[in-house]
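Peer 1: Protein chains in written order, with numbering that gives the first Met the number 0: chain A, 0 to 132; chain B, 0 to 437; chain C, 0 to 258; chain D, 0 to 570.
A couple of the hints might just be wrong.
[Said to hold, decoys possible] Here are the simulated lysine-lysine pairs, BS3-like style, with alpha carbons at most 30 Å apart:
| hint | chain 1 | residue 1 | chain 2 | residue 2 |
| --- | --- | --- | --- | --- |
| 1 | D | Lys418 | C | Lys246 |
| 2 | C | Lys246 | A | Lys58 |
| 3 | A | Lys25 | B | Lys28 |
| 4 | D | Lys422 | C | Lys246 |
| 5 | A | Lys65 | B | Lys358 |
| 6 | D | Lys422 | B | Lys197 |
| 7 | C | Lys66 | B | Lys222 |
| 8 | B | Lys197 | A | Lys126 |
| 9 | B | Lys178 | D | Lys418 |
| 10 | B | Lys246 | D | Lys418 |
| 11 | B | Lys83 | C | Lys228 |
| 12 | C | Lys66 | B | Lys246 |
| 13 | D | Lys418 | B | Lys408 |
| 14 | B | Lys222 | C | Lys246 |
[Stated by the list, open to error] Incomplete in silico selection of chain C near chain D, CB under 7 Å:
| hint | residue |
| --- | --- |
| 15 | Tyr216 |
| 16 | Ala217 |
| 17 | Glu221 |
Hints listed in this document are in silico derivations from the structure and should not be mistaken for laboratory results. Nothing here was measured: the structure is a model prediction, and the numbers come from that model. All C-beta atoms, glycine included, are put in the ideal place defined by N, C-alpha and C.
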Amino acid sequence: MAKITLNLISGRSIQQGVAMEGGKEKDLYRRACGIIELDTSDFKKLGCWKNTNVRVTSKYGSVIVKAQETSQGPHPGIGFIPMGPWANQVTNPDTYSTGMPTFKGVPVEVEVAMDQPVLLGVELVQKACRGEI
Amino acid sequence: MSKIVTDVICPFCGTLCDDLEVEVTDDGKKITDVYNACAIGAEKFLHSQAKDRITRPRFQQPDGTWKDATYDEAAEYTAQILAKAKKPLMYGWSSTSCEAQSMGHEIAELTRACVDNTAAVCHGTSLIAIQDIGLPSCTLGEVKNRADRIIFWGCNPAHAHPRHMSRYSIFPRGFFTVKGQMSRKLIVVDPRVTDTAKLADVHLQIEQGRDYELLNAFRVAFKNEWLPDMVAGIPKEKIREAADMMKSGRFGIIFFGMGVTQTISKNHNIDEAIAVTKDLNEYTKFSIMPMRGHYNVTGSGEVLGWQFGYPYSVDLTRGFPRYNPGDTSSIDLLNRGEVDAVFVIGSDPGAHFPISAVKQIARVPSVCIDPHITPTSGVSKLHVPVAFVGVETDGSAYRMDNVPIDCRKVVDPPEGMLTDEEFLTKVRDRVKQLKGRA
Amino acid sequence: MKNPPALYLEADTISPDWFAGKTAAQIAELPVYEGNTPGKLGDYFEITGNAGPTATDTKIVVKGDVKKIKYLGMKMSAGELLVEGSPDQYAGAWMSGGTMLVKGDVDAFAGIGMKGGELTIEGNAGNYLGAAYRGDWRGMAGGKIFVKGNAGSDVGMYMNGGEIVINGNVDVHLATHAEGGKIVIKGNSPGKMGGQMVEGDVVIFGTIDVMMPGFKYADDVELEVDGSKGLFTHYIGDTGERHKKKKGQIVYGNLYQKI
Amino acid sequence: MTEYIIKNGHVFDPVQGIKGDEADIAIKDGKIVKDSEVGKSAKVIDAKGKTVMAGAVEIHAHIAGPKVNLGRIYRPEDKLFTSTPTKGLERTGSGNSIPSTFKTGYEYAKMGYTTAFEAAMPPLFSRHVHEEMRDTPIIDEGAYPVFGNNWFVMEYLKNKEIENTAAYCAWLLRATKGYAIKVVNPGGTEAWAWGLNCLSIHDPVPYFDITPAEIIKGLIEANEFLGLPHSMHIHPNNLGNPGCYETTLDTLKLAEGYKAKNKFGREQVMHLTHTQFHSYGGENWGNFESKSKEVIDYVNKHKNITIDTGNVTLDETTTMTADGPFEHHLTGLNHLKWANVDVELETAAGVVPYIYSPDIKVCAIQWSIGLELALMAKDPMRCFITTDHPNAGPFTRYPRIIKWLMSAKAREARINSFKNSDKVVSATHIAGIDKELSLYELAQMTRAGPAKSLGLSGRVGGLKPGMDADVVVYNFNPDIPVTDPEQIETAFSRAAYTFKSGVEVVVNGDVVNNGNKRTLWVDAKVKDNPLVMRDIKEKFLKYYSMTQSNYESLGHHFVPNPFAIEVDATQ
């Protein structure tokens with residue numbers, strides 16, 4: 000299966016905002032933030048259908064999210080995961096002694112992981128803290 | 000029958016819209032509808048009414064199940080872990096009132112804790128930059144009435160601050176901007192073609208992580224100095240063209256967001272953006288403003304400022320305030336394993352901190368004060384649900400331009416629920432006893 | 000070091016200025032802090048020997064694992080401090096005199112606000128080496144910092160004087176806002192170097208991945224660094240920043256790169 | 000409440016004309032009473048060989064609000080290594096040039112100050128100002144909203160509509176819980192919204208087609224129409240520039256022909272603040288010189304004016320003012336960090352750190368000018384001591400200024416140690432002045448005088464039975480000649496006792512009680528004015544970024560202990 004490297008950024012989306020207020024334990028939040036938005040060209044490279052589960056892996060961790068086509072493109076080479084627990088599994092915690100992690104501009108590898116589930120927000124963090132993933 | 004509460008303040012983002020109208024039942028107990036709010040704001044009011052809402056404190060058992068407790072038991076546990084700890088961290092504060100923050104600071108001073116707010120992962124680096132070179136800014140009404148040049152740099156209000164563009168920055172007709180959007184030129188700098196960028200007169204699709212270089216190039220362009228052919232993926236002609244557009248306005252403003260504060264160079268990006276603004280004041284009038292996220296993160300910075308002298312990441316362990324992000328900041332304190340107890344209120348580090356820092360919260364005694372179930376409450380030993388500030392209780396908040404607005408109470412909280420301030424007062428009183436200061 | 004702290008230890012009292020004129024017993028009584036909990040130096044360290052009558056003739060040797068000790072040698076004004084391990088943040092911070100030698104690495108904020116003296120680090124240095132404290136426009140004013148290994152980001156921010164020499168590589172943002180002083184880098188830089196620089200010199204022997212647009216080519220010059228001569232490309236900047244005039248000439252920051 | 004009797008102190012009270020005679024001061028239920036009215040149980044304070052005065056009144060300082068806090072927030076280096084830990088009743092304190100709210104209250108009380116006024120409240124930010132005052136312990140406080148660049152004011156005064164201006168002022172004072180009409184760089188700050196300025200009183204204000212002179216005269220008239228306790232309080236145009244004294248004299252002359260109309264015993268119609276910054280001669284920094292004589296001579300001759308000095312203390316400090324264009328000018332001079340806030344329809348503010356170095360000629364001249372004004376003032380009841388905190392220096396330096404004013408020897412020592420002392424002497428009058436301020440004059444300049452100017456003479460600033468029991472006892476014996484001037488600074492730095500509204504709040508320089516601080520504001524009643532109310536409604540609908548209802552709602556939690564001074568202007 001194909002593996003592509005991307006520059007990962009995270010940030011707000013209106014769906015993320017609504018779902019966050021709606022309850023982070025709920026499926027709506029997973030559907031809003033447990034995703035990665037890819038450019039059409041990167042989808043081609045990855046060689047999979049839209050809305051396929053993928054594994055995103057960085058130097059700092061790994062997470063399963065659903066790959067979606069970006070509505071705010073084109074941005075070839077850039078992957079976008081809305082801010083939240085999913086993005087933070089793989090983000091760069093280095094603050095350069097400023098207190099601020101490097102949430103944006105994280106080199107990641109993306110590969111298809113069709114059979115693996117995207118966890119719910121609260122569940123994901125709990126499992127990660129218990130060392131179960 | 001139902002009645003309408005007017006001039007309601009939206010306790011979601013730093014835009015702090017204060018023109019909401021909320022329809023409530025005659026008994027004033029239920030919210031039936033919300034007008035003038037964006038989708039997120041409306042959801043915040045409506046979700047507060049959710050049937051499955053947690054209304055009592057609960058302790059997490061070793062097996063991961065929850066056991067209900069009283070607010071007194073919760074206050075006792077909270078006071079105990081804070082009083083016992085050698086270096087407790089009291090984090091959050093951005094989604095609660097200034098009155099609750101003030102009470103929290105008293106607890107922090109009594110227990111000699113570290114106090115930090117969500118600027119730590121939002122605009123903390125902006126604050127560092129402001130401390131380095133200042134901040135020429137203005138209130139949002141000035142933008143509405145005067146601004147003919149609007150720059151959104153690394154921010155996407157269409158998603159993060161949905162009513163910002165209609166209330167203040169792009170569309171409104173002001174005193175000197177009678178033609179509304181027609182009176183204004185819009186420049187957007189973003190590596191993606193965001194929904195905000197789609198509205199722009201000029202979109203500079205910057206190479207991610209090169210904001211510092213591009214901002215520097217603008218300053219060079221103002222002075223008509225030599226430029227390389229390309230900077231951050233933008234041709235120099237386009238840079239000079241945008242620079243002239245900025246200079247030629249009568250009143251301009253740069254709004255910036257996490258696209259620059261969380262990207263490499265961080266505070267330096269803002270530092271250079273402020274320098275750009277300062278330079279532009281040699282040619283015309285220009286301001287710059289951070290797009291603050293949580294509705295009262297600004298208020299937390301203000302209260303910390305007048306009580307302790309620093310806007311976030313305040314270390315009180317020696318009995319007096321100290322400040323140096325990189326040392327006294329939450330992410331570093333957690334990643335470096337410096338704290339032995341964690342208290343969270345009005346924010347969700349579990350969702351918004353890198354997982355390495357969240358794991359540290361899970362390792363130590365911890366309490367999470369939040370109306371919602373969140374990843375933070377999910378990994379805390381104690382979850383204390385409270386009333387929604389700005390929905391079920393009033394209190395002071397500060398808008399992204401530092402303008403204070405008094406949040407309104409719209410409905411009563413569920414029977415027997417406490418507000419942040421009420422719960423913190425219990426904790427403060429207990430801590431005073433434990434510290435022999437009562 | 001006999002009992003390492005559970006958290007981190009603030010030991011700004013480990014400095015010739017504090018030790019001067021004290022016996023081992025008195026030194027053991029000096030205050031230290033583990034978070035909000037006060038303690039004594041003797042609770043954590045075994046102390047032998049006596050200090051000289053003044054800081055100048057006091058030499059301190061710190062042995063053992065000091066990875067969790069902050070503020071070693073803070074504000075020292077004279078004497079010698081030898082650290083055999085790798086101390087945490089603020090090593091030699093605000094020092095104004097004397098010599099401090101660290102055998103291992105140092106974490107962030109080493110030598111910030113430095114006014115004088117010599118700070119030598121045989122390992123690697125962290126971020127904000129020889130930088131200014133938050134909000135202060137008066138950064139490193141004097142003294143010398145020498146790093147045998149690599150250094151992190153924000154070296155010499157707001158530097159006004161003194162010298163920093165780094166044998167290895169540096170991370171982003173070097174000499175930001177500098178208004179004086181000299182920094183020598185024997186290794187490479189990823190860039191973002193000399194941003195908002197008003198005055199001062201930076202000499203680099205290795206590569207710069209991305210040059211700041213505010214630096215423009217001036218000329219090629221021969222320089223003598225550590226006694227060895229060589230040809231360097233001379234850039235001036237930051238052309239976007241304000242600059243003083245001296246004798247009608249605009250004074251820029253100088254960036255020299257080895258050819 | 001505990002009763003007190005302060006025995007055998009040397010009392011200095013201009014209100015009763017007591018000039019250092021030994022007398023007893025009795026305190027009961029928060030008021031000064033006749034000795035006979037306190038019982039045997041009254042706690043006796045032995046003030047033998049000490050100086051007794053009323054609590055001091057701060058007429059002009061920037062101690063609470065958005066620009067003050069911006070200064071705190073953006074200057075971590077202002078606190079490095081100097082913060083004080085929690086101690087007894089005292090919360091932790093931080094900040095040198097801009098102390099935290101806690102430290103501000105404690106420091107004033109420890110120096111014997113019991114009332115202080117925040118000099119510039121941006122109306123849109125009034126909640127913030129009140130929140131900080133609420134967190135400033137012990138001292139009574141009030142705040143002056145700024146009017147000099149307000150759109151309503153400029154539009155009404157363009158058509159000479161004094162009554163409408165007055166009605167609007169009354170509405171705003173009520174909405175913001177403000178105390179007086181403050182004017183800062185009239186018209187110039189509105190011009191600054193376009194990056195411009197008004198440097199003379201005749202420069203037209205862009206778009207609004209009105210001049211600073213018209214704004215100043217109009218606001219004097221509105222102020223007297225309402226009969227407010229304090230007068231129009233002005234920071235004139237052209238602050239801080241060589242030659243600015245001419246603008247200052249032009250401004251002062253605008254008050255000619257106006258007489259105070261009020262029931263509070265106030266006699267002036269204009270208060271000129273931080274006069275030092277407005278008494279500069281020369282055309283540039285090279286030939287910069289003192290024009291204190293020209294300014295104070297005019298003030299001495301005109302009884303309808305009061306001033307405060309704005310003494311430079313020769314410290315590193317933080318400048319902050321609603322004079323936005325000035326701060327932009329200043330950052331161009333010293334290249335230090337610049338903060339600015341333009342406030343919709345109302346005002347602006349700027350903040351820049353500044354170091355008054357004794358080695359810099361201009362700074363030394365500024366130091367001289369401030370002292371000259373105080374020493375050459377003929378009527379100490381009309382010239383008050385301030386540092387325009389923190390602009391010319393932190394208020395915590397008052398004891399040092401008192402030392403310089405009371406001791407020619409201390410001044411001489413200071414002048415001689417200036418790097419350019421010869422140049423400084425030739426550009427100023429200071430070396431030729433041998434006057435030494437008496438304790439009675441000090442009481443006039445820091446107590447009775449400012450109280451009268453503020454329309455508070457019946458309540459504070461004196462020790463007459465019936466007045467608030469704000470009393471301070473200093474370890475200073477007027478019978479013993481001062482050998483070392485430092486004794487003066489030491490004595491006035493830490494009061495032996497401070498009483499606030501009858502509560503013993505400071506003993507031997509330590510806070511023993513956080514008192515019962517009040518917020519003073521002026522509630523002016525005017526005839527119903529539908530036109531003004533309609534204009535207000537329209538401006539909020541169209542131009543403000545906040546709704547009128549949210550602007551007007553100032554909840555109890557902001558002003559927990561208000562003290563309203565009522566004014567009836569309906570006749």
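Peer 1: Run every hint past the structure and note whether it holds.
Peer 2: Status of the hints after comparison with the structure:
For a cut-off of 30 Å, the pair hint linking lysine 418/D to lysine 246/C stands: about 25 Å separates their Cα positions. Annotation: proposed proximity of lysine 246/C to lysine 58/A is violated, straight-line Cα distance about 53 Å (limit 30 Å). A threshold of 30 Å between alpha carbons decides the hint, and for lysine 25/A with lysine 28/B the separation of about 25 Å falls inside it, so the pair holds. For a cut-off of 30 Å, the pair hint linking lysine 422/D to lysine 246/C stands: about 25 Å separates their Cα positions.
Only pairs whose Cα atoms come within 30 Å are accepted, and lysine 65/A paired with lysine 358/B is accepted, the gap being roughly 24 Å. A threshold of 30 Å between alpha carbons decides the hint, and for lysine 422/D with lysine 197/B the separation of about 63 Å lies outside it, so the pair is violated. With a CA separation close to 48 Å, the supplied pair lysine 66/C and lysine 222/B exceeds the 30 Å bound. Simply put, lysine 197/B and lysine 126/A have alpha-carbon atoms about 39 Å apart, too far for the 30 Å limit, and the pair is violated.
Straight-line distance between C-alpha atoms of lysine 178/B and lysine 418/D comes to about 58 Å, which puts the hinted pair past the 30 Å bound. Distance hint between lysine 246/B and lysine 418/D is unfulfilled; the C-alpha atoms sit about 43 Å from each other, more than 30 Å. Only pairs whose Cα atoms come within 30 Å are accepted, and lysine 83/B paired with lysine 228/C is rejected, the gap being roughly 61 Å. Simply put, lysine 66/C and lysine 246/B have alpha-carbon atoms about 51 Å apart, too far for the 30 Å limit, and the pair is violated.
Straight-line distance between C-alpha atoms of lysine 418/D and lysine 408/B comes to about 62 Å, which puts the hinted pair past the 30 Å bound. For the suggested pair lysine 222/B and lysine 246/C, the alpha carbons sit about 21 Å apart, so the restraint of at most 30 Å is met. Against a cut-off of 7 Å between C-beta atoms, the interface hint on tyrosine 216/C is violated, since the closest Cβ of chain D lies about 27 Å away. Given the 7 Å rule on beta carbons, the hint for alanine 217/C is violated: about 24 Å separates it from the nearest Cβ of chain D.
Using the Cβ-Cβ criterion of 7 Å, the hint placing glutamate 221/C at the interface with chain D is not satisfied: the shortest such distance is roughly 34 Å.
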